[in-house]
Amino acid sequence: MTGGELPLWVTVPGSLLLVAAGLLVLVGGIGLLRLPDFFARMHPPTMGASLGAGCVLIASMLVSAALLDRPVVHELLITLFVIVTTPVTAMLLVRAGRHRQRAESSRRSAQERSP
Amino acid sequence: MLLALIVLLPFAGSVLAALLPKHARNVAAAFAGTVALACAVLVAIQYPQVTGGGVVRSYLPWLPDLGLNLYLRMDGFAWLFAMLVTLIGALVVFYARYYMSVKDPVARFFSFLLAFMGAMLGIVLSGNLIQLVVFWELTSLTSFVLIAYWYHLDEARRGARMALVVTIGGGFVLLLGVLMLGAMVGSYDIEVVLASADAIRGHPWYAPMLVLIIVGALTKSAQFPFHFWLPRAMAAPTPVSAYLHSATMVKAGVFLLARLWPALAGTELWFWLVCGAGSLTLLGGAFNATYQRDIKGVLAYSTISHLGLITMLLGMNSRLALVAAIFHMLNHATFKASLFMAAGIVQHETGTRDLSRLCGLRRAMPLTATVATVAAAAMAGVPLLNGFLSKEMFFAEAIATGDFTGLDFSLPAIATLGSVFSVAYSVRFVHQVFFGAPCGTLPRPPHEPLAGMLLPSALLVLACVLVGILPSLTFGPFLETAALSILGEGMPAYRLAVWHGVTIPLLMSFIALTGGLLFYFWQYRSGRAMARPPLLWRLESQRLFDVASVRVTRGAGRLVEYLFTSRLQPQLLMIVCLALLAGFFTLQRGGWLRGFMPLTPIDPLFALLWVAGGACAIGAAVQAKYHRLAAVIMVGAVGLATCLTFAWFAAPDLALTQLTVEVVTVVLFLLGLRWLPRFREWDDPQRKTLRARARRARDAVLAVAAGIGVSALAYAALTRPATSHLSEFFVENALAEGGGRNIVNVILVDFRGFDTFGEIAVVGTVAIIVFAMLRRFRPAPESMVRPRVQEEEDAAREAVIDDFEDWLPAGYLKIPAVLVRLLLPMAGLVSLYFLFRGHNAPGGGFVGGLVMATALIVQYMVGGTIWVESRIRLLPQHWIGAGLLAAAASGLLAWLAAEPFLASQEVDLGGLHLSTVLLFDAGVYVVVVGAVVLMLIALAHQSLRSPRKRVEPVERRASLRRAPVPEEAG
Amino acid sequence: MSLLLTHLPVLPIVVPLVTGATMLLLRERHRRARVTLALASAVVQLGAAVTLLAFTTGLVPGAWAEGIGVYRIGGWPAPFGIVLVVDPLSALMLVLFATVALAALVYAVAHWDNPGQPFHSLLQFLAVGVNGAFLTGDVFNLFVFFEILLTASYGLVLRGLGSQRVKTGLNYIAVNLGSSALFLMGVALIYGITGTLNMADITRTLPALAPADRTVFDAGAALLGVAFLVKAGSWPLNFWLPRTYSGAVPPVAAVFAIMTKVGIYAVLRVGTLLGEDQLAAAILGGILFYTGLATLIAGSIGMLSARYLARFVAYSVVVSTGLLLATLGLGLEELTAPVLFYLATSVLTTAAFFMLTGMAERARLTHPQPESTAPAPKPFHVAFGVAAPDPYGLDEEVGTAIPLTMAFLGLVFVFCVLLVAGLPPLPGFIAKFAVLSTALGTNAANQAPVWLLTIAVLVSGFAAIFASSRLGMRLFWAQAARRVPRLRVLEAAPVALLVLVTFAMAAFAPAVMQFLQAASASLHDPDAYVQAVLGGAP
Amino acid sequence: MEVVYALATGVLAACGVWLLLRPRTFQVLLGLSLLSYATNIFIFGMGRLTLNRPPIIRGGTPVDPAFYADPTPQALVLTAIVIAFATSALFLVVLLALRGLTGTDHVDGREPGE
Amino acid sequence: MKIRAARRLSPGLVAWLAFLWLLLNQTVAPGQIVLAFVVAASLSWLSSALRPLPARVRNPQVIVALLATVFVDVVRSNVAVGRIVLGLVRGREVKSGFLDIPLELRDPHGLAGLAMIVTATPGTVWVDLARDGSRVTLHILDLEDEAYWIDWIKNRYERPLRRIFE
Amino acid sequence: MTAVFDYAAWFASLCFVLAMLCALARIFIGPAAQDRILALDSFYISGMLTLLMLGIRSDSTAYFDMALVIALFGFVSTIALAKFLLRGEVIEP
Ligand code: NA
Ligand code: NA
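One line per chain: the protein sequences are P, W, R, Z, D and X, in this order. Residue 41 in the working numbering sits at position 41 of the first sequence, and the numbers go up by one each step. Residue 852 in the working numbering sits at position 852 of the second sequence, and the numbers go up by one each step. Residue 64 in the working numbering sits at position 64 of the third sequence, and the numbers go up by one each step. Residue 99 in the working numbering sits at position 99 of the fourth sequence, and the numbers go up by one each step. Residue 106 in the working numbering sits at position 106 of the fifth sequence, and the numbers go up by one each step. Residue 89 in the working numbering sits at position 89 of the sixth sequence, and the numbers go up by one each step.
So here's chain P without its partners, still in its complex pose (with noise of 0.2 Å):
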């Protein structure tokens, strides 16, 4: 599918980086699926997140060294953002989880307390 034959020191630690990415990725997503509650979701897509696409930007990153047609700034840009807004994302979730659990039983003891 790539326009240009690669390299082997970029095929081997490449096709490793993906492969590894894909798994990382993969259980994140089964970590999401299985998991009981929901603070313990919250981890495992942080997986995909972090070092799943850092080993898709090194791969990347690879690539496009070997074929010296791309410049790297995209994986680079893309990593910093992807750990600058993740935080974002996490506390207003795990917030709103918190608050949720919170407004749900004391609405659950109103109950209790008033048949």
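I should point out that these hints are in silico values taken from the structure, not numbers from a laboratory. Honestly, I wouldn't trust all of these hints.
[As the list claims (entries may be wrong)] EDC-like mimics (lysine to aspartate or glutamate), calculated; alpha carbons at most 20 Å apart, straight line:
hint: 1; chain 1: D; residue 1: Lys95; chain 2: P; residue 2: Glu112
hint: 2; chain 1: D; residue 1: Lys154; chain 2: D; residue 2: Asp128
hint: 3; chain 1: W; residue 1: Lys814; chain 2: D; residue 2: Asp151
hint: 4; chain 1: D; residue 1: Lys154; chain 2: D; residue 2: Glu93
hint: 5; chain 1: W; residue 1: Lys814; chain 2: D; residue 2: Asp100
hint: 6; chain 1: W; residue 1: Lys688; chain 2: W; residue 2: Asp699
hint: 7; chain 1: D; residue 1: Lys154; chain 2: D; residue 2: Glu104
hint: 8; chain 1: W; residue 1: Lys688; chain 2: Z; residue 2: Asp64
hint: 9; chain 1: D; residue 1: Lys95; chain 2: D; residue 2: Glu146
hint: 10; chain 1: W; residue 1: Lys814; chain 2: D; residue 2: Asp107
hint: 11; chain 1: D; residue 1: Lys154; chain 2: D; residue 2: Asp132
hint: 12; chain 1: W; residue 1: Lys814; chain 2: D; residue 2: Asp128
hint: 13; chain 1: W; residue 1: Lys22; chain 2: W; residue 2: Asp104
hint: 14; chain 1: D; residue 1: Lys95; chain 2: D; residue 2: Asp132
hint: 15; chain 1: D; residue 1: Lys154; chain 2: D; residue 2: Asp107
hint: 16; chain 1: W; residue 1: Lys814; chain 2: D; residue 2: Asp145
hint: 17; chain 1: D; residue 1: Lys95; chain 2: D; residue 2: Glu166
hint: 18; chain 1: D; residue 1: Lys154; chain 2: D; residue 2: Asp73
hint: 19; chain 1: D; residue 1: Lys95; chain 2: D; residue 2: Asp107
hint: 20; chain 1: D; residue 1: Lys154; chain 2: D; residue 2: Glu166
hint: 21; chain 1: W; residue 1: Lys814; chain 2: D; residue 2: Glu166
hint: 22; chain 1: D; residue 1: Lys154; chain 2: D; residue 2: Asp100
[Stated by the list, open to error] Pair ranges (Cβ atoms, derived):
hint: 23; chain 1: R; residue 1: Asp527; chain 2: W; residue 2: Phe596; range: 38 to 46 Å
hint: 24; chain 1: W; residue 1: Gly557; chain 2: R; residue 2: Glu66; range: 46 to 54 Å
hint: 25; chain 1: W; residue 1: Pro677; chain 2: D; residue 2: Tyr148; range: 15 to 23 Å
hint: 26; chain 1: R; residue 1: Gln447; chain 2: W; residue 2: Thr503; range: 52 to 60 Å
hint: 27; chain 1: W; residue 1: Gly557; chain 2: R; residue 2: Arg29; range: 43 to 51 Å
C-beta: ideal position from N, C-alpha, C; glycine also.
Here the structure of chain P is known, so what remains is to put chains W, R, Z, D and X with the ligands in place on it, guided by the hints.
Chains W, R, Z, D and X with the ligands only, in chain P's frame:
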């Protein structure tokens, strides 16, 4: 030319009269009278040219392709009618001068009267049937405004409307008939029509055409069953009744029947229709006239009856009867106009028209009594008066018509019976008004009117007498000229004379006179009030018409609730159904589904992607009602799947755009959700009903059908080879001519930049609409309160009060704010990057603008509206204007190089390639930033309406002054 | 000057766009500047339109061969770039719109252009859309211009909020968004099969299509047709129309008088270019005729049901759409010129009528009053740099009353009714007569459709008289109407002007008809169009 | 691939139409969104399915059209996306105004049965 | 309610943005360099109104060491979380929960850095920062030993961050 | 050798799509709104990685631009949703 003058003069007079001072009675009357007389003179001097079958023509081709030409034509018959119209018109104007009150706005009155005269002359002189219909409708309209002249009177308004509806309706029917006639003959020219009599009668359309034309004529002449409007038209001022509703306009119907007589008459159908309607009207009208309480009511029904008589004559298919009909038209016009004027005098001088209140006026108004008595005698058919002569002819024709069938007997019987009633109401009219003891209590003490008021009536009566005694010396020649012009060579021999010897018609006249007298005095003696006709009194036409009118309106209203339902769902349903039908009908030919291209192998990843996307779409469809947030999330996922699809099939620009739009859309939806009511499945009683289920099932079927249709069409197109010379051109010229490597962008900003121009106009327009609406937005009361979750959360902690002067939010948004603000300059950089390099790589003004807008919106999300806006002032609507102007400027720059709008111009500055295309894209960028920010922020501003636990800024500044930040004035 | 003449075809689009954009930069208090700009723009548009019309008639010798002018946007050759095509029909439509828009603008200046509302800029954007739709020779570009005009119309419909307006506005928007989706799918299929978007190019490509491809193409054209029918306001796709039009403020409604005609124009334009195929023409004709007839009947019933004047006028718009569609559906070339005559009179009349409604009903205050809306909070005005809204929509009776107010109103009312009902002597009659007489004079006269149409047209005219006499009497003659509304000359003049234009149409009917015959001939000669647009292009 | 693509379009269209016919304004809004996705994908499909050949010119002139995906439908979809976004924003605001003025989110501005 | 926002040009930001711009556009043409600085300066200038709080880095050299630490920790925690997800942790029940950690770090940008690190590492999520900034609440997937986690955060991340920013 | 790399890339893409399916399942299962939002966020990340893979496989910069946009703004819809959940409105006064 003179003919045109005859028709135009009254219209011109009408316009001038309207411009006269409102109450200038004398001036207006003198003016109108002069016009009428001038017309009369103009008509009169044509006489030598129309005798002996001569015709004066004035022809001006106008729309010859449509057979619509200005064609005036005067023959003997037309001349006679034109004289009638103009002379009686002059008399009526004279009379009206005295009749109308000083307070009446008479300028309008005379203006309308002249307009009517012109229209009537137009009918009479038309040589083209369409032109005739035009004037025909004009008489209906002028009649309407004249009847409603005293529009403050309820009965005037209602009567006028009924007359209008009936006569205009009749006019439409006539128009259809005339259209058919024209199509049959190939011309609307009356002479052509008259010349093709045999062709017409043999044409398959003859019967329907005849019915239509006759119906048209009958409505105008107030013939059964369309007679009912005429009595209600008596609410008009009496001069109007005298002129329009007895002498002229109502004669238009019979005029037309006579005019077309040679072409249309002579068939059984004609006889049955015309004679039938005429005889029923003759009888019914006369009977009703006998039992009216209102003087004008008597005269109105009498008019109906006499017009029935004329119609009967026309229907007899006899040439002599036609002559009699014409003769009676003249006679009736003279005596009836005179009677109306007399009735008007009575009303004018006594203040009432009620027969039961009037009596013995002969002493107070002897002259009037004499005039009225003679005129009534003429109406009754007393010998030595003109009415007698034509009635005699009518009797003779009634006897002569028909072979040895049942008609042999019935026509004379009807004629005689009608005349009996005619005598009865004539006697009643004279007897109850002028004879008997004078009665005491009248609204005004009666006295003789001014001489001028009586004069026109007296003149007409004089004519009755003269014609009655010396027919062949007075009307005789004119009648002959008129009849000759219609009948031509087939002119029958007849003799106008007072005495024909003792004949059956004379006997019938005698029976009628004595019978009528006996009948009246028998009724009178029996002490009946004779205020309403027996048997028929319940048929009060006005009430029936009003009820029918209301019923029609209401019925239409009920229908409209279905035909134009205000509900949205049926409308959308209709669109879906029609689209499905349209697709179905075109596609049912079959054989189109599979093209010749080999299929590309299925990539399981793509299939999986759309398993996910499809599931989300269905999920969103199911959840959209009760779980809106979930639905929004799913739609977001669908959007992402769509974006990936674009990416998959080599459309990076699309994917980028879709992605950025997706983000903004989700934020937009969420901003909106805040103001929607909470809606729970279990709150909805309608959900489980059978109706609801059936509706859902129906919609599901339609939706699936639509889906199948779209799928099939997409498949059909996808499996066909692509053959776009457009795209070939774009690909080949994008770099060479358009100067860009990103073909899509070159298309957007150059090849088809006009589309993009339009598109930003749409975006800008939407934004200003949204802005205008939200300025006046009023949230529902229950949405005004702060969201419940906020209350709960804030209650759980100490009340959060953020200070907009703080550098960072104090609460949970502190760290997100740091991070998001860190992103802002970089996001701005990325947005400009997309803008600048869009011509050569994916991106462009639109994507760049959306990125910038989103970066700004996120600042609002973490900082809050007030915080952000206390620091920057965006004025987004100005951005939209500026962006549009920039795009326009880039287009207009081409004009300087004498090239068409939007032709790109370029310049190179030290490796920096500048082009009007970039200016255009920058315009797009600015518009998008402005529009998106405007819409989202305007929505966000709505939350400021909620009452909020916030310390007033002024107080806070006093207590919490921390940084020396002076407030900017204004 | 020659520069302007060269670029004349694009002026009706660029001028309002630049004007509208400039208005956005003006502060709210600059009302005078806004009005001046708007008037200047309208006058320029009218001038451009009239000049274009003169070009197409050949009055300017040697301007355009065959009376068809082509302007290549961006300088790209057709069919690759977007072209504007001016032929007699589009020039006529441009003139009509410019006339109505100018009249409505002047009328609006008297009362209706509240500074808090983007009335003037929306009107300009509407002009962009309408003029563009008339001018463009590209199907997708047609879609874009449709969207512009619709969007602007959404804003104008919603002008002033009020729950009734918003309700009808939502209906209107939803329906049009649905139809836009159909429009897009139709255009997509046409592109997918023919590989081009230029109308002339499509016409040229059609004969070479394989039958199966042609079927798919027809499906696309049919979807397009449904979309056009929605825009044209054909029953049963027009439930929104009466409420929307009658709910809009009078000057807006007056401009809308031409909006349905844009749909009709699209049907005519695309129909004549695409429908050379006999079978397709027959199907198209059948659909057009029967939906048109249904529209005519439904509209007539609506007129009968109308309880106030604006609603009546709105239904008369429906009726006119019905008449136009049904007549076009007969598929008789001879009928095109009469039908265009009818279209022109109908547009002018309805516009005048809507404006009259605003003046006549003022005394009775029957048009929907704006509901009180909560003013936006202060930060809003600060953020957007606008003034707090002043109380909206109150018709303050300012200005000098013109003398003879009621006489004027009554007279114009009568003229409008005559025009709508098709009564003589006004051109409404000439138009209807021309249509019916021509139809009855053709060979088709022996078939049911012509008769159905004839009867329906006459009955609808009767219904118009029946209903309008009731409404008019209530309006002008009822005791309640004693209060004489005060009019400004600014309001009265445009109405009178529009009526006078119709009079002129009647007076100069032969010349007008001659022009329309030429327009019709040009319309029914797709080859000339194709030749003019594509020239010798591949 | 064509089958999957066509089915995807159809599913989106069906869901869009279904929601379009629903009684709540928000449902209609989402329906319009889905319908516009369907329309966009449909238009895009008119350029046929092309893998890995984005219409961005590599190398210099002359250019071979066969080497690039059909750019025209892409440009059309771009315009369509933008217009759909704008109109759905407008629709949203109108439905909010309706809700504010009538108190209900039913498309007819009144609850059924009222 | 208008605050005169102090607009300023941060040279570091301008340089960084101009650098990014040239990198993104892959060019050093003179015109582009001018453009890069124009763009960068205007962005810095315009965005400063919304970024009243500038970041001040005192010890840039510590950043590299910190990044290395974080990279190692990210890899390690990825493996750990992966094991938990796949059910490879046998013999004990994985117990997750919230944990309050006392903080001395006050600089907002330092705190933001800590948030980024914590979030980027699977197994820990930043939940909340106390109003007074005295402690942070984390959610920890595998909360075996609270003291271990407190020590881990304070030593490995908080200290270097304080050195960088305070 | 390039074939090996292509297979690896394909495998990674498959994993990403499968992860997207997992996220999708979570969107459907819920149970709470926050679960759905979390799933959408992870859907976006997987989507971004898929785009990167497409970029690597097709050797085109175009996909990196898209990935850049997701990296930059993928979080916006997530925090909008979360904020809506948390505060009932996306943009507070
Ligand atoms: Na664009
Ligand atoms: Na984490």
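Tested hints:
1. D:Lys95 to P:Glu112: violated (29 Å)
2. D:Lys154 to D:Asp128: holds (16 Å)
3. W:Lys814 to D:Asp151: Measuring from Cα to Cα gives roughly 24 Å; hence the hint is violated.
4. D:Lys154 to D:Glu93: Measuring from Cα to Cα gives roughly 26 Å; hence the hint is violated.
5. W:Lys814 to D:Asp100: Holds. W:Lys814 to D:Asp100 sits at ~18 Å (cutoff 20 Å).
6. W:Lys688 to W:Asp699: holds (16 Å)
7. D:Lys154 to D:Glu104: holds (9 Å)
8. W:Lys688 to Z:Asp64: violated (61 Å)
9. D:Lys95 to D:Glu146: With a Cα-Cα distance of about 11 Å, the restraint between D:Lys95 and D:Glu146 holds, given a limit of 20 Å.
10. W:Lys814 to D:Asp107: holds (11 Å)
11. D:Lys154 to D:Asp132: Between D:Lys154 and D:Asp132 the Cα gap is close to 18 Å, so the pair holds against 20 Å.
12. W:Lys814 to D:Asp128: Holds. W:Lys814 to D:Asp128 sits at ~10 Å (cutoff 20 Å).
13. W:Lys22 to W:Asp104: holds (8 Å)
14. D:Lys95 to D:Asp132: violated (29 Å)
15. D:Lys154 to D:Asp107: holds (15 Å)
16. W:Lys814 to D:Asp145: The given pair, whose Cα atoms are some 29 Å apart, is violated under the 20 Å limit.
17. D:Lys95 to D:Glu166: Not satisfied, since the Cα-Cα distance of roughly 35 Å exceeds 20 Å.
18. D:Lys154 to D:Asp73: Distance ~14 Å between D:Lys154 and D:Asp73 Cα, so the pair holds.
19. D:Lys95 to D:Asp107: With Cα atoms ~32 Å apart, D:Lys95 and D:Asp107 exceed 20 Å; violated.
20. D:Lys154 to D:Glu166: At roughly 15 Å apart (the allowed maximum being 20 Å), D:Glu166 and D:Lys154 satisfy the hint.
21. W:Lys814 to D:Glu166: holds (18 Å)
22. D:Lys154 to D:Asp100: holds (12 Å)
23. R:Asp527 to W:Phe596: 38 to 46 Å: violated (31 Å)
24. W:Gly557 to R:Glu66: 46 to 54 Å: holds (51 Å)
25. W:Pro677 to D:Tyr148: 15 to 23 Å: Hint violated: Cβ distance 50 Å, outside 15 to 23 Å.
26. R:Gln447 to W:Thr503: 52 to 60 Å: holds (55 Å)
27. W:Gly557 to R:Arg29: 43 to 51 Å: Hint holds: Cβ distance 46 Å, inside 43 to 51 Å.
Hint compliance for this structure: hints 1, 3, 4, 8, 14, 16, 17, 19, 23 and 25 are broken, all remaining hints hold.
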